[in-house]
Amino acid sequence: MVGIPLWWKTTETYRAWLPYSQIRELDSLQLQLSMEVEVVFSRGTLTPEQQKKVPLSQIREEQHQVNENTRLKYRYETKYRTATVMEEDALGQPSTEDADLSLHRLSESPCGSVVMYVIPQSSTLLPEGVKVYVGQRRTALLRGWEALGGTLKEVLAVLEPQVEQVLRTMSFSHSDITAALGDRIRGSRLSRESLADSMRAFKSSPGYEITFSLLNPDPQSHSLHWDIEGAVQTYIQPLLDKLAPVANHSVDSQILYYAVLGVKPRFNRELSAYTLSAESLAHVINPIEAKLGSNAASSNPVLNFLLYVPDAHHAPLLIQDQGKREVPSNAFHSPRWGGIMVYNVKDQYGPEAEVPVYINIDMARVMGVFLSQLRLMLGVQPTHLAPGFLLQSPGSAGLTDWELDRLQWTRSVENVAMASTTITSLAQLLNQIGNIVINDNIAQQVSSAVTSLQAAVAELEAGNLAFALQYSREAILASERAFFDPSLLHLLYFPDDQKFAIYIPLFLPMCVPILLSLLKMLGEIRRSRAERRAKKD
Amino acid sequence: TWSWLALSRSALDSLFLCVSHFGSVSLCLCLGKAGQFFSSGHTNNWAVLVCTSRFWFNYRHVANTLSVYRSVKRLGIPDSHIVLMLADDMACNHRNPKPATVFSHKNMELNVYGDDVEVDYRGYEVTVENFLRVLTGRLPPSTPRSKRLLSDDRSNVLIYLTGHGGNGFLKFQDSEEISNVELADAFEQMWQKRRYNEVLFIIDTCQGASMYERFYSPNLLALASSQVGEDSLSHQPDLAIGVHLMDRYTFYLLEFLEDIHPASQANMKDLFKVCPKSQCVSTPGHRTDLFQRDPGSVLITDFFGSVRKVEITMESVNLTSPIVLVPHPPTSIFLQKPKQRDWHPPDGFILGLWTLIILIFFKTYGIKHLKHIF
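Respectively, the protein sequence lines represent chains A and B.
Take 1 as the starting number for the first sequence in our numbering and just add one per residue.
Take 538 as the starting number for the second sequence in our numbering and just add one per residue.
Keep in mind the hints are simulated off the structure, nothing from the lab.
Honestly, I wouldn't trust all of these hints.
[As the list claims (entries may be wrong)] Below, a list of computed lysine-lysine pairs in the BS3-like style, where the Cα atoms sit at most 27 Å apart:
no.: 1; chain 1: B; residue 1: Lys814; chain 2: A; residue 2: Lys291
no.: 2; chain 1: B; residue 1: Lys708; chain 2: A; residue 2: Lys499
no.: 3; chain 1: A; residue 1: Lys324; chain 2: A; residue 2: Lys203
no.: 4; chain 1: A; residue 1: Lys264; chain 2: A; residue 2: Lys242
no.: 5; chain 1: A; residue 1: Lys203; chain 2: B; residue 2: Lys708
no.: 6; chain 1: A; residue 1: Lys536; chain 2: A; residue 2: Lys520
no.: 7; chain 1: A; residue 1: Lys242; chain 2: A; residue 2: Lys203
no.: 8; chain 1: A; residue 1: Lys499; chain 2: A; residue 2: Lys520
no.: 9; chain 1: A; residue 1: Lys203; chain 2: A; residue 2: Lys291
[What the hints assert, rightly or not] Covered, in the sense of this in silico footprint (three residues per stretch, anywhere, with C-beta under 8 Å from a C-beta of chain B), are these stretches of chain A:
no.: 10; segment: 92 to 101
no.: 11; segment: 129 to 138
no.: 12; segment: 208 to 216
no.: 13; segment: 371 to 379
Virtual Cβ for every residue (Gly too), placed ideally from N, Cα, C.
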């Protein structure tokens, strides 16, 4: 009597309580992305009667059903207003960069929002043939038209497709978001370009390791010096600091001597240089990767950037693309791995120079190439520009504000998708395999992941991009920690026949006397009842 | 050899390589025929090679695993992407007449234990628990990078198991076993966390086909050296070393792989034909129903090699600001923390304690006992 419940209690596994109902709710994800757009009409683009109707605000919503348990809603809150006197002054500046700078000084737009200034067609601010100029921060200059007649509604209807086009460039587009949700929607319904983009950039991760390597196959001829610390501090660190809300980055560098490319280049007589054709580039990386070191302590994805200085006998070395044309950057990259640049030094010294030749590497040129490769690898996608768009160069930070916003949108959606699939699959797994012990710390991680996820979804709905990204990062960290906890592996699988094989020899001999005595007791009770009935009669 | 290969390749179409040009003005995707960049969907390769048996007479299992390791490295997968688990050390075994070698051909033709073998899990570290932890990623945080399977959703993983097995289980180290249900669950957990794009699972044990019977996750392609009820036999004994050197299936697999080079176009259908019953005595089996692509379109190098997809960098950022001189901090003298010494009671304390004890003793029992001491 006592034994059975005791045995049951002692052989059951400790499973802390998990919020299964909330996790089931997360399975069907309904994301709403809210964005604030401001459209400012400068003088000369609206007639006076139209100007009276402004300021005006409109809300536009778009719904998409991505798959049976993922739904997306985009909510654009557009505010129309006329430009203030100070903004008109700013727009009156001679060059677009100055105009952009003064506009930025006037008002700081919050993270995730876009401000568009419509300027009259006759304005000389934008160069010829350029319809839209996208600045370094979150502003865009739209070339409008001379004051059209008609109601404000008609003007807005004409303006709307242009506004949408600008939003697709500066902020997220539907294809970006569906690519970010790739974790949830398995099965390529993506276009070729977005598939290539999604395969090239690294998946969202809490941190990245960036390694810069200098490969010197010929130390006897070349004595190479590169000021990597200064270059990283000047050129790369501003970009990484700007990307700090998205992920942590750590940078290191190394110099490898006697590291050769695994491919033999061919001598091209017309160019009087050695060339590497596009097909052979694929085989360059593997032999080198075997020699590259990496930080053993972390499991973050590694981006490798290699600078190869060809040896004196195989210099200069040029990379040719598919069409046998020279590549100006002399560099190539591999998706989710990194990039390699070939730096030729043959022209810096003559044949009579004393070996080893001291060569100081021009870090600005090198870092320019590495920076563009880094931008590709980290997911700052090259925008597919519509004709008539002009983008301002990123400047010293290496990343414009709107590119950062774009990255933040896709990363927070990706984080939310990944965290939700992790949590739901963890719950499903724990339900399915009854043997796994669920400790309290796992339950705590799961609960915190669920709350962070719900907070992230709420912040996305409210339009606070920075908070949404922060919550989504916390959610991902907690869910990964819960899923990959080492203790979730403790009990192995016991097939049913093995369980019987263990218990039967133990309990069967014990059960035989118990059963017999129970039968005996039953017999006695029946006999006594029969006697009592006989006595009564 | 490379120039010859490049010439021959320029004659053929480059089926497996796509070089894309990305510019800020135009988008032109120049695909080779079939655009393998998209059809295989993987960007990196991993390999998990496990030998599960110890003792000298199981030399052939270690040689099996090392042969596959050698092929995989030769075809391009770097050591950082290979998790090699060997349950026993044959090269430095006391009974090895040729120390530091592991041969796979008789007459000692091929030494598969070269000078750059990197074993990640050795000896008693090869357990069912560690193997499942590597697959599912549930390793303690102190595990170094080389012992982890850091694959992502775009990795093709090759998993090779060899040892002694039976119907539904594989024996580890003669003391524990992994069942096919556990293996299938491990793969499902890998799939849930998107830790692979496609998996090629090869097992060379007796009744190996039973190990892949229970798989239920997508994108798994499985090969086994023998069916349920059959034994996988070893190939050839070497009289100098005194043990069997290889198993038949892996021997013929190695022969097949020696003909593969990184640019090869051989596909999985050729791999299925390796070691027919006439050579292997057992019937090799395979399972393709969970695999989404047609095996005829899957290249061997998709799993055994590591052909990188490459794109030319067309853009470069124009940097004009001069380099900031980073002030080097003076080389800091690392202050050593005072060494932790065990606490000892203050000097004289013990002496005083014993004096007290002796005094009390003589007080209680009388001074006349003092003469026994001095």
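Now the hints, each set against the structure:
| no. | hint | verdict |
| --- | --- | --- |
| 1 | B:Lys814 with A:Lys291 | 42 Å, violated |
| 2 | B:Lys708 with A:Lys499 | 19 Å, holds |
| 3 | A:Lys324 with A:Lys203 | 33 Å, violated |
| 4 | A:Lys264 with A:Lys242 | 40 Å, violated |
| 5 | A:Lys203 with B:Lys708 | 37 Å, violated |
| 6 | A:Lys536 with A:Lys520 | 24 Å, holds |
| 7 | A:Lys242 with A:Lys203 | 19 Å, holds |
| 8 | A:Lys499 with A:Lys520 | 30 Å, violated |
| 9 | A:Lys203 with A:Lys291 | 25 Å, holds |
| 10 | 92 to 101 | violated (count 0) |
| 11 | 129 to 138 | violated (count 0) |
| 12 | 208 to 216 | violated (count 0) |
| 13 | 371 to 379 | holds (count 5) |
When each numbered hint is compared with the structure, violations occur for hints 1, 3, 4, 5, 8, 10, 11, 12.
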